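Novice: Spelled out from the first residue to the last, the chains are:
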Amino acid sequence: MRVGLFIPCYVDQFYPGAAQATLELLEKYGMDVVYPLSQTCCGQPMANSGYERYGKASSELFLENFGEFEYIVAPSGSCTLHVKDHVLPKTAEAPKIYELCEFLTDILKVDHVDASFPYKVGFHSSCHGLRGLRLAKCSERMDEEFNKPLSLLSKVKGIEMVELDRKDECCGFGGTFAVAEEAVSVTMGNDRIADHQRNGVEVLTGADMSCLMHMQGLLKRQKSPIKVMHIAEILNGNDVMDREV
Amino acid sequence: MTSKESILAAIKNNKPEASSLPDLLSFPEEDHLIERYEKGLTGNGGKLKVVDTLAEVEAFVKENYSNDQLIASLVDEVKGNVDVHKISDPHDLEHVELAILKGALGVSENGAIWMPEKNIVHRVLPFIAQHLIIVIHEETLLTNMHQAYEKVQVAADGYGVFIAGPSKTADIEQSLVIGAHGPRSLTVFLLKKQG
Amino acid sequence: MKAKTHAEEAAAFIKDDARTHWHDETLWHVRSNRDRSAQGIPEWETLRDTASATKNYVLSHLGELLEQFEANAKANGVEVLWARDDKEHNEHVYRILQENKVSNIVKSKSILTEECGLNHYLEKKGYDVVDTDLGERIIQFAKQTPSHIVLPAIHLKKQDIGEIFHDHIGTKKGASDPNYLTEAARQHLRKKFVEANAAITGVNFGIAETGGFVVCTNEGNADMGTHLADVHIACMGIEKLIPRAADLGVFLRLLARSATGQSITNYSSHFHRPAKGKKLYIILVDNGRTAQLGREDFKNSLKCIRCGACMNTCPIYRRSGGHSYNYTVPGPIGSILSPGRDLKQYSTLPFASTLCGSCSDVCPVKINIHEQLYKWRQVITENTNVDKSKQLSMKVAGMTFGKPVLYDLAGKMARTALKITPKSLVYSSLNVWGKHRDLPEVPKESFKEWFKKNRKQ
Numbered sequence: 001m002r003v004g005l006f007i008p009c010y011v012d013q014f015y016p017g018a019a020q021a022t023l024e025l026l027e028k029y030g031m032d033v034v035y036p037l038s039q040t041c042c043g044q045p046m047a048n049s050g051y052e053r054y055g056k057a058s059s060e061l062f063l064e065n066f067g068e069f070e071y072i073v074a075p076s077g078s079c080t081l082h083v084k085d086h087v088l089p090k091t092a093e094a095p096k097i098y099e100l101c102e103f104l105t106d107i108l109k110v111d112h113v114d115a116s117f118p119y120k121v122g123f124h125s126s127c128h129g130l131r132g133l134r135l136a137k138c139s140e141r142m143d144e145e146f147n148k149p150l151s152l153l154s155k156v157k158g159i160e161m162v163e164l165d166r167k168d169e170c171c172g173f174g175g176t177f178a179v180a181e182e183a184v185s186v187t188m189g190n191d192r193i194a195d196h197q198r199n200g201v202e203v204l205t206g207a208d209m210s211c212l213m214h215m216q217g218l219l220k221r222q223k224s225p226i227k228v229m230h231i232a233e234i235l236n237g238n239d240v241m242d243r244e245v
Numbered sequence: 001m002t003s004k005e006s007i008l009a010a011i012k013n014n015k016p017e018a019s020s021l022p023d024l025l026s027f028p029e030e031d032h033l034i035e036r037y038e039k040g041l042t043g044n045g046g047k048l049k050v051v052d053t054l055a056e057v058e059a060f061v062k063e064n065y066s067n068d069q070l071i072a073s074l075v076d077e078v079k080g081n082v083d084v085h086k087i088s089d090p091h092d093l094e095h096v097e098l099a100i101l102k103g104a105l106g107v108s109e110n111g112a113i114w115m116p117e118k119n120i121v122h123r124v125l126p127f128i129a130q131h132l133i134i135v136i137h138e139e140t141l142l143t144n145m146h147q148a149y150e151k152v153q154v155a156a157d158g159y160g161v162f163i164a165g166p167s168k169t170a171d172i173e174q175s176l177v178i179g180a181h182g183p184r185s186l187t188v189f190l191l192k193k194q195g
Numbered sequence: 001m002k003a004k005t006h007a008e009e010a011a012a013f014i015k016d017d018a019r020t021h022w023h024d025e026t027l028w029h030v031r032s033n034r035d036r037s038a039q040g041i042p043e044w045e046t047l048r049d050t051a052s053a054t055k056n057y058v059l060s061h062l063g064e065l066l067e068q069f070e071a072n073a074k075a076n077g078v079e080v081l082w083a084r085d086d087k088e089h090n091e092h093v094y095r096i097l098q099e100n101k102v103s104n105i106v107k108s109k110s111i112l113t114e115e116c117g118l119n120h121y122l123e124k125k126g127y128d129v130v131d132t133d134l135g136e137r138i139i140q141f142a143k144q145t146p147s148h149i150v151l152p153a154i155h156l157k158k159q160d161i162g163e164i165f166h167d168h169i170g171t172k173k174g175a176s177d178p179n180y181l182t183e184a185a186r187q188h189l190r191k192k193f194v195e196a197n198a199a200i201t202g203v204n205f206g207i208a209e210t211g212g213f214v215v216c217t218n219e220g221n222a223d224m225g226t227h228l229a230d231v232h233i234a235c236m237g238i239e240k241l242i243p244r245a246a247d248l249g250v251f252l253r254l255l256a257r258s259a260t261g262q263s264i265t266n267y268s269s270h271f272h273r274p275a276k277g278k279k280l281y282i283i284l285v286d287n288g289r290t291a292q293l294g295r296e297d298f299k300n301s302l303k304c305i306r307c308g309a310c311m312n313t314c315p316i317y318r319r320s321g322g323h324s325y326n327y328t329v330p331g332p333i334g335s336i337l338s339p340g341r342d343l344k345q346y347s348t349l350p351f352a353s354t355l356c357g358s359c360s361d362v363c364p365v366k367i368n369i370h371e372q373l374y375k376w377r378q379v380i381t382e383n384t385n386v387d388k389s390k391q392l393s394m395k396v397a398g399m400t401f402g403k404p405v406l407y408d409l410a411g412k413m414a415r416t417a418l419k420i421t422p423k424s425l426v427y428s429s430l431n432v433w434g435k436h437r438d439l440p441e442v443p444k445e446s447f448k449e450w451f452k453k454n455r456k457q
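Chains as they are written, first to last, in the UniProt record's numbering: chain A, 1 to 245; chain B, 1 to 195; chain C, 1 to 457.
One chain only, chain A, in its complex shape (with noise of 0.2 Å):
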């Protein structure tokens, strides 16, 4: 199966490791991935700002990119949100956007993850992802339970799984949000921290590297102990070891 693989721009520049990761993932399950050169941007820091007008050149260019493909695969809860939303058109025959945990779980099925990860992990379930594209039941909602992410880590030899006291709320990164409302944004990010703290979490996971982002920088103003790796690296059997911290 052919896809087409999406890096949001701050993974690309900043977190090539878990680019990488999710590549090598793909990879693992048969999948013959390719990765246009000329991709930057899905546009969404624009939009969330009001200036989505502004963001119909970086559009224009996604669909340039990706335009060919039937599965585009992209390891953000919140960029595949936004195209799916903003960018792609609402056709049939247009190309399908997935997050990387669901494109497993919903399309691929898969039944194992050879990855070993003997460590106390909580899970971020970033917004984006988890009400907007619904990859598990949130905790506001009364359906039945599932949750895409977990069903994967689940399957991760050694892994001990940590509940949290507030399941899914937001780390308040937020794009923009982040510096326009730094205090709430920085009191949400450490009350995150903290219940993952007082849970005994020693690695902090998720599905979007901007939530990581926001919270490692906290943890790593206070100098944290606790380690933050994107999910793909650990589906793909990353040693905590590998990341720099």
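Since the hints were derived computationally from the structure, they do not count as laboratory data. Computed from a prediction, not measured in an experiment: that's the story for all the values here. Don't take every hint at face value.
Stated by the list, open to error - Listed next, the in silico DSSO-like pairs over lysine-lysine satisfying Cα-Cα at most 27 Å (straight line):
1) B/Lys118 to C/Lys278
2) A/Lys28 to C/Lys453
3) A/Lys109 to A/Lys137
4) C/Lys423 to A/Lys220
5) A/Lys96 to C/Lys375
6) C/Lys395 to A/Lys56
7) A/Lys157 to A/Lys28
8) A/Lys28 to C/Lys452
9) B/Lys102 to B/Lys193
10) C/Lys403 to C/Lys388
11) A/Lys56 to C/Lys412
12) A/Lys227 to C/Lys444
13) B/Lys15 to C/Lys344
14) A/Lys223 to C/Lys419
15) B/Lys192 to B/Lys39
16) C/Lys435 to A/Lys220
17) C/Lys375 to B/Lys15
18) C/Lys366 to B/Lys12
19) C/Lys375 to A/Lys84
20) B/Lys15 to C/Lys87
21) A/Lys223 to C/Lys423
22) C/Lys74 to B/Lys15
Use these hints to put chains B and C onto chain A, whose structure you have.
Specialist: Just chains B and C now, with coordinates in the frame of chain A:
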């Protein structure tokens, strides 16, 4: 143009596309209605007493209230000392200690009891009394509010109220206080099915 | 003086770290109670779908339903008045009070009357309006505005309330026991109920089919007021209609559970006809609602039943407080209602959000709040005087992301700059991100650079 005309004109101008009215909902009836009802009522701060006869209500009142307290009863089997029908000004009910009223039906999901105006005579009576007793019959217990609205004709009386507990508030630091402006207690006597 | 932005108000609120956490925990607790209550209803999502569809119907048939409501209410002996705006609403109330020679007024909770500034208007005319909802009476004494539409005094601690009561109703100095304070309020307000000759209430639901309306309270204060007074004035936003009495089955199952987690408020009072010898008035108020109705992207905000669930769940509201929004209705719903009233004044509210979507998922009538917040942002940047430097940087970003070569270059430059600039400069006071967070480590190459080197055929 009157205000009414101008508002209606603005609505006509700005009306969204028509959408259809959903059908009324209904859900299967539950069993163990008395247990459910008790859970609903106590969750709202009320107390339930399941009785075989109304004489037990009279006995409860005699045991807990004295005759120098004003007791307004609209339940024939329970004697009070205030003739509610003779009162013309509801202000005269200000010092009623206990009101004893008949409920039309009970809703088990939330402990609510429908009190139509004809059951209370003076609308303020279930609120101004310091304590409230309501008598309901087991046969009138329903599962949920959808059933209640099938049975109740809300416009039949000029006023009606679902009472689901005593007066309460949590406005001071979310601490629950029972007995805000209305009754300090609600005791529901549920008369079991006879025979 | 320029109005404070939400960010400025929020930053001021957050300075008191302990109080912020207390406020956050208190409201999270209310959210948790809502969850527990909703979990007990297997058909919860069906109820939400139905309530949402019912309100969609109401909005698309609003004119006919209002006329049906008015006709039925009039046939019940109720006087129905219409008010284009807050000014007209207040004038109607004043005229009714004058006509009926009212001297003492009690009022139960009505966010609409807050919206219209009724108390302030009547006070200027020489009336003393007594708010009888305990939370509202507290803030009335404190000369504050409500910070939450259901829990008006949620921002005050019991010690604060103890002080307020000591100053106004003579409770013991330093007393803060909620039972003691509530008892004192009971005695104080009982006198007011007994003396009142007019009672003003809000309306939770107006029933088009019967011309009646429902008022929901836990305290019983709306009833204590209306049943003792000779005049009852019910103030209602035109959008608060439901088509049939039976629809209350859905809405009364959703309202209290969404608001506080209770299965129902202890009193759900259904008013159809005035009591013998008394007068009942309903004032139907527009005040911007018909304008909002015409906004395709934002009309769904009119489905709101004022439960406050969105405020309880909003992580920003919990950590910035209702007053930081500077609007009658705060939080997520307030942030999509207020720009329709004054785009410039409330322009920072739709940005006081991470678009997490929690609000939309707790809303009992399924208003797409987070999507409307996003849409208001587009309207605001196009129609108000925005920060020119931000606008320019967004335009440049848009252009850069449209050209792969530019993007690659900009990325490389940013990484290089970060790598070579001394930390003291990087984390200067200009770096807002860096105030309390570290920036990410700079990797030795971007993913694209790595891919080109190692994988490109």
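Novice: Each hint should be assessed against the structure and marked as holding or not.
Specialist: Status of each hint after checking the structure:
Proximity of B/Lys118 to C/Lys278 is assessed by CA-CA distance (about 17 Å); at most 27 Å being required, the pair is judged to hold. Only pairs whose Cα atoms come within 27 Å are accepted, and A/Lys28 paired with C/Lys453 is accepted, the gap being roughly 21 Å. Of the supplied pair hints, the one linking A/Lys109 and A/Lys137 holds, its CA atoms being roughly 18 Å apart against a limit of 27 Å. For the hint linking C/Lys423 to A/Lys220, the alpha-carbon distance of about 14 Å falls within 27 Å, and the restraint holds.
This hinted pair checks out: A/Lys96 and C/Lys375 have alpha carbons roughly 24 Å apart, not beyond 27 Å. With a C-alpha separation of about 11 Å, the suggested pair C/Lys395 and A/Lys56 falls inside the 27 Å cut-off, and the hint holds. Of the supplied pair hints, the one linking A/Lys157 and A/Lys28 holds, its CA atoms being roughly 17 Å apart against a limit of 27 Å. Straight-line distance between C-alpha atoms of A/Lys28 and C/Lys452 comes to about 20 Å, which keeps the hinted pair within the 27 Å bound.
Using a Cα cut-off of 27 Å, the hinted pair B/Lys102 and B/Lys193 holds, with the two alpha carbons roughly 16 Å apart. Between C/Lys403 and C/Lys388, the direct Cα distance comes to roughly 23 Å. Compliance with the 27 Å bound is thereby established for this hinted pair. This hinted pair checks out: A/Lys56 and C/Lys412 have alpha carbons roughly 23 Å apart, not beyond 27 Å. Pair hint A/Lys227 plus C/Lys444 holds up; C-alpha atoms about 20 Å apart against a cutoff of 27 Å.
Taking the CA atoms of B/Lys15 and C/Lys344, the gap is about 26 Å. The hint holds against a cut of 27 Å. Using a Cα cut-off of 27 Å, the hinted pair A/Lys223 and C/Lys419 holds, with the two alpha carbons roughly 20 Å apart. Using a Cα cut-off of 27 Å, the hinted pair B/Lys192 and B/Lys39 holds, with the two alpha carbons roughly 17 Å apart. The straight-line distance between the Cα atoms of C/Lys435 and A/Lys220 is roughly 13 Å, inside the 27 Å bound, and the hint therefore holds.
With a C-alpha separation of about 20 Å, the suggested pairing of C/Lys375 with B/Lys15 holds against the 27 Å cut-off. For a cut-off of 27 Å, the pair hint linking C/Lys366 to B/Lys12 stands: about 24 Å separates their Cα positions. Simply put, C/Lys375 and A/Lys84 have alpha-carbon atoms about 16 Å apart, close enough for the 27 Å limit, and the pair holds. In summary, the hint linking B/Lys15 to C/Lys87 is supported, as the alpha carbons are separated by about 24 Å, within the 27 Å threshold.
Between A/Lys223 and C/Lys423 the alpha-carbon distance is near 16 Å, which keeps this suggested pair within the 27 Å criterion. This hinted pair checks out: C/Lys74 and B/Lys15 have alpha carbons roughly 25 Å apart, not beyond 27 Å.
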